[in-house]
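Chains W and D, in that order, are what the protein sequence lines are.
Here the first sequence is numbered in the working numbering, starting from 1 and rising by one per residue.
Here the second sequence is numbered in the working numbering, starting from 1 and rising by one per residue.
If you are wondering where the hints come from, they were derived from the structure by calculation, not from laboratory data.
Hints should not be assumed to be uniformly reliable.
Distance condition first, Cα-Cα at most 20 Å in a straight line; then the derived EDC-like pairs of lysine to aspartate or glutamate [to be verified]:
id, chain 1, residue 1, chain 2, residue 2
1, W, Lys96, D, Glu62
2, D, Lys9, W, Glu41
3, W, Lys96, D, Asp29
4, W, Lys96, D, Glu53
5, W, Lys56, W, Asp67
6, W, Lys56, W, Asp71
7, W, Lys59, W, Glu15
8, W, Lys70, W, Glu5
9, W, Lys96, D, Glu54
10, W, Lys96, D, Glu75
11, D, Lys9, W, Glu38
Chain W is faced by these chain D residues, among others (derived, beta-carbon under 7 Å) [stated by the list, open to error]:
id, residue
12, Gly42
13, Phe45
14, Gln48
15, Ala56
16, Phe90
17, Thr102
18, Phe105
19, Gly106
20, Glu107
21, Gly108
Cβ coordinates follow ideal geometry from the N, Cα and C atoms, glycine included.
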Amino acid sequence: TQLLEQSPQFLSIQEGENLTVYCNSSSVFSSLQWYRQEPGEGPVLLVTVVTGGEVKKLKRLTFQFGDARKDSSLHITAAQPGDTGLYLCAGGTASKLTFGTGTRLQVTL
Amino acid sequence: DSGVTQTPKHLITATGQRVTLRCSPRSGDLSVYWYQQSLDQGLQFLIQYYNGEERAKGNILERFSAQQFPDLHSELNLSSLELGDSALYFCASSISAVPGNTIYFGEGSWLTVV
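If we strip away everything but chain D, and leave its shape as in the complex, we get (with noise of 0.2 Å):
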């Protein structure tokens, strides 16, 4: 167990809606990280946060959006969903943004667009 907590652990939405997946970072931790793990891109990181605000931005799509609330936990939304964004998405959280932390994984959010 990582300490990370992810909710839900599996959606089923059909195109065109939006979900909304949520982290709670590990005890501590000011860094959340979205990561988004599908069979033909591999594992690629989103976004990050740090204290409540953005810090960092990676191949995360208009449609998505995320933020970090003053209690630290994060939600990462996903809207005008297309059948392409079927994928595990996972939140990773560290102590700080500095280089070198170790960032720790949650189990991941199923999401299944139908």
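The following block holds chain W by itself, in its conformation from the complex (with noise of 0.2 Å):
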């Protein structure tokens, strides 16, 4: 069974900081996958990162997929109140995804 672990399991952290969230694995993936979850919705895709090494950007949002793929981190700068969520990591196939444990991001003013 491939597992995935992210730390950390809960964050609260001011506006304007910046952090950093980890999911790692013993296991190789294809790829990974970063999810945001808010309270009543499902997780929403938001990047996917398939070569290891790989960085992609998304506005505030970095993510990085570990040379030998079987970690990534995401790092947002300058976290806003409307970044509080649920974030999930996940790897594997669309047919049997896993997902990480989770990281629960509270951004407050």
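Hints are included, so try docking the two chains, each in its own frame, into the full complex.
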């Protein structure tokens, strides 16, 4: 069974701060995805990283896939209250996505 | 709005009962997935259907079953319910079963077993 461990589990920061969320596995994944889930809603795909070492940017969010394709990170610059939510990494194919344990982010004014 | 519609949004039922959760995928999507999200287990893949046929199976209990109908909507049947079945059940859909396809999640059905 492929497991994805995320850290930290919880993060409470103030607006304007930077943060990094980590997603680690002992297994190699062909691709990793990052999702954000807000209360009362389903997860929404943010990005898919495919190549080892790949870096993708989405406005203030920077995603990196580890060289060995076993880990990934999400860095948020100048966090805003709208970034609040549950961040999930996921690996595998659409037919059987394995989701990470999740990082719950709270950004306060 | 992802375009995936799930009903009911909330459901409270007693142990031992049976419930059916319904999902309408995004227009044009042939593949439907069911996931369970609980506090202790996180988000777990249950089962996938593609164009009416079962395509992949995950951690789905024998008490649970699903099907996809000719109009592509899907139902997840949960029977002999236990307290531990209380969770948020998500349906998701994608245009095909090809790896790499983006899957779109519905808003989920909250099931509380009392």
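Results of checking the hints against the structure:
no., hint, verdict
1, W:Lys96 - D:Glu62, "holds (18 Å)"
2, D:Lys9 - W:Glu41, "holds (11 Å)"
3, W:Lys96 - D:Asp29, "holds (17 Å)"
4, W:Lys96 - D:Glu53, "holds (16 Å)"
5, W:Lys56 - W:Asp67, "holds (14 Å)"
6, W:Lys56 - W:Asp71, "holds (14 Å)"
7, W:Lys59 - W:Glu15, "holds (16 Å)"
8, W:Lys70 - W:Glu5, "holds (11 Å)"
9, W:Lys96 - D:Glu54, "holds (13 Å)"
10, W:Lys96 - D:Glu75, "holds (19 Å)"
11, D:Lys9 - W:Glu38, "holds (15 Å)"
12, Gly42, "holds (6 Å)"
13, Phe45, "holds (6 Å)"
14, Gln48, "holds (5 Å)"
15, Ala56, "holds (4 Å)"
16, Phe90, "holds (5 Å)"
17, Thr102, "holds (6 Å)"
18, Phe105, "holds (3 Å)"
19, Gly106, "holds (5 Å)"
20, Glu107, "holds (5 Å)"
21, Gly108, "holds (6 Å)"
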